[in-house]
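Residues per chain, in single letters:
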Amino acid sequence: MGARSVKEPALRRWRVSREVALEIPLLPRIANGDSTAIDECLDRYGGLVWSLARRLSASPSDAEDAVQEIFIDVWRNADRFRADVAEEATFVAMLARRRLIDRVRKQQRRTLDSRPIDESTLEYAAPVQTPPMELAEDASQATACLEQLRIDERRVLELSIYHGLPQTSIAERTGLALGTVKTHARRGLSQLRDCMAAKGRRRERGGVTL
Amino acid sequence: MSSNSAANSDRWEELQATRLLFGLSADEQVENDDLARQMPADSATQFDTVVAAIDVAWADAQQPLPEQLRRAIRSRAEQEIASKKVASPQVSPVGLGSRGRSVNYAPWLVAAASVALALFTWLANRPVQRTEPTIAQLRSELMASADDLLRADWSAGTTPIEGATGDVVWSSSRQQGYMRFRGLTVNEPTREQYQLWIFDKNQSDKTPIDGGVFDVAASDEVIVPINAKLRVQEALMFAITIEKPGGVVVSSRERLPLLAKVE
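Going down the list, the protein sequences come from chains Y and E.
At position 47 of the first sequence the residue is numbered 41 (our numbering), and the sequence of numbers has no breaks.
Numbers in our numbering are just positions in the second sequence, counted from 1, shifted up by 4.
Hints may be right or wrong, so weigh each one.
[What the hints assert, rightly or not] Subject to a maximum C-alpha distance of 30 Å in a straight line, what follows is the list of computed DSS-like cross-link-like pairs (lysine-lysine):
| # | chain 1 | residue 1 | chain 2 | residue 2 |
| --- | --- | --- | --- | --- |
| 1 | E | Lys233 | E | Lys265 |
| 2 | Y | Lys100 | E | Lys233 |
| 3 | E | Lys265 | Y | Lys100 |
| 4 | E | Lys205 | E | Lys265 |
[As the list claims (entries may be wrong)] Under 8 Å between C-beta atoms, here's a sample of chain Y residues computed to sit facing chain E:
| # | residue |
| --- | --- |
| 5 | Ser45 |
| 6 | Ser154 |
| 7 | Ala171 |
| 8 | Thr174 |
Simulated from the structure, these hints should not be mistaken for lab results.
Since we're looking at a predicted model, the values are computed, not measured.
C-beta atoms are modelled at their ideal positions from N, C-alpha and C, and glycine is treated no differently.
Bound-form chain Y, shown alone (with noise of 0.2 Å):
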């Protein structure tokens, strides 16, 4: 990949867009009781976990209950976001796949089967890709590390995060064994948490505690 010319439009974005994402959280006006944060919040985040239930979800209806679980669960643990741990973004997209994981799981239950419904997810495309410019420090972090990974491990974590493929699929698909997905999944999971570690971030060692 070749260095990228940041113009000075794009970039007074990224840097407008980071204090707001940074600097003015909104869960804290969520946990106070504020109403009037919720329209920001869905403006801010419904765009995003929107994607996510499309991706990880078997039918638009799916997706669509699934998006308001995903948010009663943001509204009632906006009290537990701390800025110091995690940005809001990652904290609210952490909420959301733990809401859509557990509904796979249910659905695998009475299905056996489940399918996303992203038409671009079906041809297992690539995952879109922000220009690192506009994303927030701990998904630029997260792009510039995934780079690092070996070929095969970047493509089980494709297929599993992006695609929302269970470990037999992505076997199939890659041609890898069971076992060895699970270990090129744990393993480019360390290498990408040692490596945004690595790369000086603010916070200490450690998760969100939900």
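Here the structure of chain Y is known, so what remains is to put chain E in place on it, guided by the hints.
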């Protein structure tokens, strides 16, 4: 670090990766809970942050929430946030400036006690205002908690209504379910009503279970609770017919706009 603890550490990380990416099986969940007691507390969520950061990076957040979905979330949010306001009353600090002064508070205390007694009496005898959950909340709670939940999307029946969509959820163990519709034609209850029929595994196709009659008052999202007249053992299909007011015992199925097959 001993080889045993190193193996535990690797397995712990593998379980955390599995939990986040694929979900744990029942056996893995037990193993996870056992290992959690031995591992540092913060290690349980380290991968969560990593995966969430990737989720943010890979999100295609350009597509906004559908408007009707946003309205539904907003409506529920106001209820949730209003309940937070009630739950955390503020206590005013005691004024420090009065410390050490010799003031006779007795009349004030008597007056305050009288007011408190009157307030208590009123509170104890007033009509209780209980906030009932909405149908949407009941549906969400059923979906979140029922292990045997069935779900099926509505599809066009023999006499379809253009643009009508939605789904049905049903739990046989709870004998509870909800239908959700969008774009279903508003009916005039004095002329005709919608009626639900539930095709059960243990019931002849000719005599499906009556799921109750209902009206549609708005063409945007409507959620209707299912009112099955007989116990449903194993639902195979749901059908909506249009019938005379009050419904029928046996439908001619002449007007059958929607079907939902359980896959």
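Verification of the supplied hints:
1. For the hint linking Lys233(E) to Lys265(E), the alpha-carbon distance of about 20 Å falls within 30 Å, and the restraint holds.
2. Of the pairs offered as hints, the one joining Lys100(Y) and Lys233(E) holds, with about 28 Å between alpha carbons and a cut-off of 30 Å not exceeded.
3. For a cut-off of 30 Å, the pair hint linking Lys265(E) to Lys100(Y) stands: about 19 Å separates their Cα positions.
4. With a C-alpha separation of about 12 Å, the suggested pairing of Lys205(E) with Lys265(E) holds against the 30 Å cut-off.
5. A distance limit of 8 Å between C-beta atoms decides the matter here; for Ser45(Y) the minimum to chain E is near 4 Å, and the interface restraint holds.
6. The closest approach between the C-beta of Ser154(Y) and any C-beta of chain E is roughly 4 Å, which is under the 8 Å cut-off, so the hint is satisfied.
7. Hint status for Ala171(Y) relative to chain E: violated, with the closest Cβ pair at about 14 Å, above 8 Å.
8. Interface hint at Thr174(Y): violated, since its Cβ lies 12 Å from the closest Cβ of chain E, which is beyond the 8 Å cut-off.
The structure fails to meet hints 7, 8 from the earlier list, while all remaining hints are met.
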